[in-house]
Amino acid sequence: MADSHTFVLPNSGHNFDAKASKMGMWLFLFTELLLFGGLFLVYIIYRYLNQDAFLLASFELNVWMGTINTIVLLTSSMTIAMAITALQKGNAKLAITLSWLTILAALSFLVIKYFEWSSKFEHGLFPGMDHFDGLPLGERLYFYLYFFMTGLHALHVIVGGVFIAVVIRLIKKEKVTKERYSLLENSGLYWHLVDLIWIYLFPLFYLIH
Amino acid sequence: MSETVVQQPSFFQVKKGLFSWIFTLDHKRIGILYLYSIGFFFLVAAGLGILMRLELLNPGRDFIEAQTYNQVFTLHGVIMIFLFIIPSVPAVFGNFFLPIMLGTDDVAFPRLNLFSWWLYILGALFALSTLVFGDGPADTGWTFYAPYSVKTGTNVTTSVLAAFILGFSSILTGLNFIVTIHRLRTPGMGFNQMPLFAWALYATSWIQLLATPVIGITLLMIVAERVFGIGLFDPSIGGDPILYQHLFWIYSHPAVYIMALPAMGIVSEIIPTFAQRTIFGYKAIAYSSMAIAFVGYFVWGHHMFTSGMSGPAAIVFSIMTFFVAIPTAVKVFNWVATLYKGSIDIQVPLLFALAFIFNFLIGGLTGLVLGALAADVHVHDTYFVVGHFHYVMFGGAGFAFFGALHYWFPKMWGRMYNKKVANTAFALLFIGFNTTYFPMLILGLKGMPRRYYDYLPEFHDLNMLSTFGSWILVTGIIVMVINLFAGGIKGKKASANPWNGITLEWQTASPPPLHNFDKMPELPAGGPYNYPNAKNASH
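Respectively, the protein sequence lines represent chains A and B. Quick note on numbering that gives the first Met the number 0: the first sequence kicks off at 0 and runs consecutively. Quick note on numbering that gives the first Met the number 0: the second sequence kicks off at 0 and runs consecutively.
Chain B with its partners taken away, still in its complex shape (with noise of 0.2 angstroms):
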């Protein structure tokens, strides 16, 4: 530590050129590679909701035909959980900070990660290759449910093949993940002083290992059925659709967790940094996020109360199923009271934070509304689950990345965006998301069946408020996108650690140099969290 430092090139100066970046073993370079990909394919998906959004403007067929509808709100789903959300954080965030944070210079198997951004890339161009190829796009909903997803004759085999592929990426990127946890962490840093962060991905982590291969063997079975008429599912030659959907969702819906602990993560770096405070409850908020993950993988048959299923299962799928509310709110209630006689110092992450909690509250709480047995039946299938599952993606998750890409933006660029403009995007993109998904939960009690190019006339009002909230919504995301390139490439210069935050990706240069640290990065005492200057260590 005594010798002399040397001021490093940052990772962006070491090499240049196109094969320097797509052949890359540098965490961060992937990181930043599938943030393109990523953001690239979320606009693509948002654009398919502004269409759909534009469709449902009044009713009847505006300008698209209902096959044609069915086929985008597929493409739609099959982008946005495949593409976007699940690998969103870990892939992007999780690459290039999670190393950093522990204090080392790369994953545990660099060449496995280069090998996830590949097939990412691969499974993406199976996706797109149905627009081009066959009788389009698969029409079968992103659920792909037995027996249409046999027998409909659009391009069923290459979307079920891409999202195969996606998940095997998404296996590497876990299994890596969980490695790096173990082995890499610096010296010094047990697990009680890694921060929560890398506590989310360790869970998340897991969930995708254990969980992917189950629909990956599925996806296949469909794959097998319409190829070669394995019938295990399509009643007509043998099979049953029931064990379909029970496969499917063993492994969907502990997706969503794969998709909601990262964001949970990446809250609970933001709010104590923009309180200053230490994080209340370290332990109560990283064993959580364990029992999040655990109990997320007995709660698959709320997916189907109404498909057939015994009543004590459907109990005991529903309690489980309010089990997971109690780890989560336990988040919650942390997260409150760390900004609790903190010094708040209220920036554009924290906002996306706040929202994310405020978004997250009403999309958990209607999911309890689903989980309860009587109320399921009344409102499964309806708009209701739609505004439901955007208030936890979009509001939580979505909002989460959109936090992180602002809160550690300095960090990955060395400039910062222009804050002003960033706050107006916040309140667009709030006011357009709101305005757009809570109409969705009133029509959902009000009846309105999800997945229809058309509607009864009682809905217009609230679908137009809805389509209306769409407008201001795309109107914040191309704001945002718009000043976060405009800052990279223009922006004034940022320092090391402009939010002054104490985790260890704060203590190397910004951009950090191609192996993070120019010196040993140095544990703060007393946790990850310990703020030297807080007044109240609160337990």
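One chain only, chain A, in its complex shape (with noise of 0.2 angstroms):
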């Protein structure tokens, strides 16, 4: 970095530091679990003091698009461990093909999620529709709930995808490397938090009976 006689700290902030970088990211994942902590709160009050609203809306759901969603989900986060370990044992292009099979599982819970919005669009479930605003008070708060938590939910599958994406292109320039896997572990983690994060969400909206 700087002329043979600059003294440089053996404990510099500019050193590659593995354990640094995973510690961030999870570090990171905790403000992710707040950030959805607060909606789980929220959910937990209102269905407590409206269970017999909430049950009757959650019957608009359909469980068979969710239970596709789940499976395609758990099924990214298998491909993106295995993209790791095959990383980690120096097979890049393999590492690669999962990563774009994880992707592919990322699109492809986006677009079950967008019939399944849609849906409720068409039957005029969506806050300022007639037929929404004619609601009682309980089902309004499950639907408010629904269509906040999934459309972050969503988001987040959004952001994971694209950091997935970057980590293939830096492992393409070798900048990702069975040396140095950090980034592609780092982005594993975050998707399986949105991984977790349906996990809790498909039971609460779709299952509780």
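It is possible that part of the hints are untrue.
Facing chain B, a subset of chain A residues (Cβ under 7 angstroms, in silico) [said to hold, decoys possible]:
hint, residue
1, Phe6
2, Asn10
3, Gly23
4, Met24
5, Leu26
6, Leu38
7, Ser117
8, Leu140
9, Tyr143
From the structure, some residues in chain B lie toward chain A, with a derived Cβ separation under 8 angstroms [to be verified]:
hint, residue
10, Pro98
11, Asp104
12, Leu174
13, Ile177
14, Pro186
15, Phe190
16, Gly228
17, Gly230
18, Thr423
19, His514
20, Phe516
Think of the hints as simulated: they come from the structure by calculation, not from any bench. This one's a predicted model, so the numbers in the text were calculated from it and none came from an experiment. Glycine residues also receive a C-beta, built at the ideal position from the N, C-alpha and C atoms.
Both chains are given apart, each in its own frame, so use the hints to dock them into the complex.
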């Protein structure tokens, strides 16, 4: 970085430190958990106050689509985990293929989500639509939360997909390698979080009876 | 260590030009970028404060309409909280000094650090844009209470997004500091050999990390409610406004400690240096920071005693509030005990630290009055609250910020300000501050409500006194700012260690070279504050 006379500290902040970058990622995941934690809190309180209405409203959702999406996300968590192992073993090509599969899964998740949301719009189930505004209070609260939480989750799916795409590019450029795989591992951690949040959203909105 | 030491150019001289600053990865330059931006917003918001005091000089309308007054105090609050006091000490002095005090050359994620500053600027632009676009700045108060924040026509959405972005910037700074403290301490420096400022930043960073997301999501819910009609808080479309208050204070009370803890860290640095004596009860001070951070999570309900809350809940929140006072008192006791039998050298930074203790005592004890259930019902939403939090925020955190500025000024710029003028500025600030805010405590006890541009005639005298005080205060600020600028440009050259401090930042040149150290820093034997000449190692 500088001429040979310059003294450089051993504990420099510019050194590559895999542990530090992983720790940073975990801390960031804490903040994501708390972000959704606020929403889960609101969900718990409104569900407790409007149990019957929440149950009634949940029948509007298509459990099959939710199940398929759950399987899609769980599979994608597997492919990204395999991608990390592949890179650690030095098989960059396989890692790239597996990462692409993960992105493909992310896209299919979003497409299925799109069909789910648009069928809600067709039934007039969005704030401001006539049918929606006629619903009882508890059911409206259910759909407020449904749209807000799955919408925010979908945003995270997009961010996670873009993150993985960036890492794929860096693997191709050999910036992310067998020795320096932190970034791929971090994108994997982020992707598992996206998956994990869905694992909670799915039963909360589709399954609880 | 045996190689010949080459005098390195300081971090100011390494590169020149605007781009070498706004795209720098050097933590010192980022700290200075923050200092100028934060300083600018402090002056803007202080200006708004002066306007409010001027309006309150006489009862009735003087020159500001009621609606404008509401917008002025909201903007004053938003800027002071989110653009000044929350980032102030961590972003400026934490960035500049944490790596140096730990004996390293940068934070763990230098790029992320620069990104935080850019987010700060983006958030600031959002906040300021409310002045120009639409129906003007929000008029809700900085608390954005629903349902009014959902219904008002002013630019609440933009203000709320500004707070969201600034929160994100604050999270990233906290994250960076935690990893830096864990991974980059100089060999031989365990957690219990860290300077207390680093401990304070460590506790603060955890709060930034764990509390800020909650306000983030709450503010997003307000935006969704305004834009899409997702009615989670507005009772007329289904929601519960009390729930908003809970979510808001779950962040915003711990945020008070984001402001106070780093300030306490600074006082813990200044006092041993100017007493030339080991800090009394190092571990008690370090761990009490963590205790405050932890207990501070469970007291948010004390902002809502009058909003409707069950009796048992109110009692628990009240008791927890009293618990926070204990670790705070431990610190005050330790600072005073450090001074006892020390070789005290009364310099400007020490005066600020002592003023911090004085003001913070008043701020803290009035906080207990507010935390007591019966008393709170009487003084809730009166000027007593305004007086209380200005004593904590300005008299406490603000004075510590000024103290830090005077303490580390010679290290940052390699020059010394005029000490006589600095003493005068301090006197003006201290007198002005207390004349401005003490009358507010009395006005509150007499029942004057906050957030009105008008008041009953019987409150006239004390309001006049408070406004006169604000003039002294602003004179102090102007004198201080001019003195510091003059010192930075043409002050006398300062040595590497003008105060005879012993933490690591005093081992390197003033101003430090780009990589902070020309040789391996040496840890003082026997702890970070173990002054070699001290007669009495107290424990």
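Against the structure, test the hints numbered earlier, and report the numbers of the ones violated in rising order.
Numbers 4, 7, 15, 18, in rising order.
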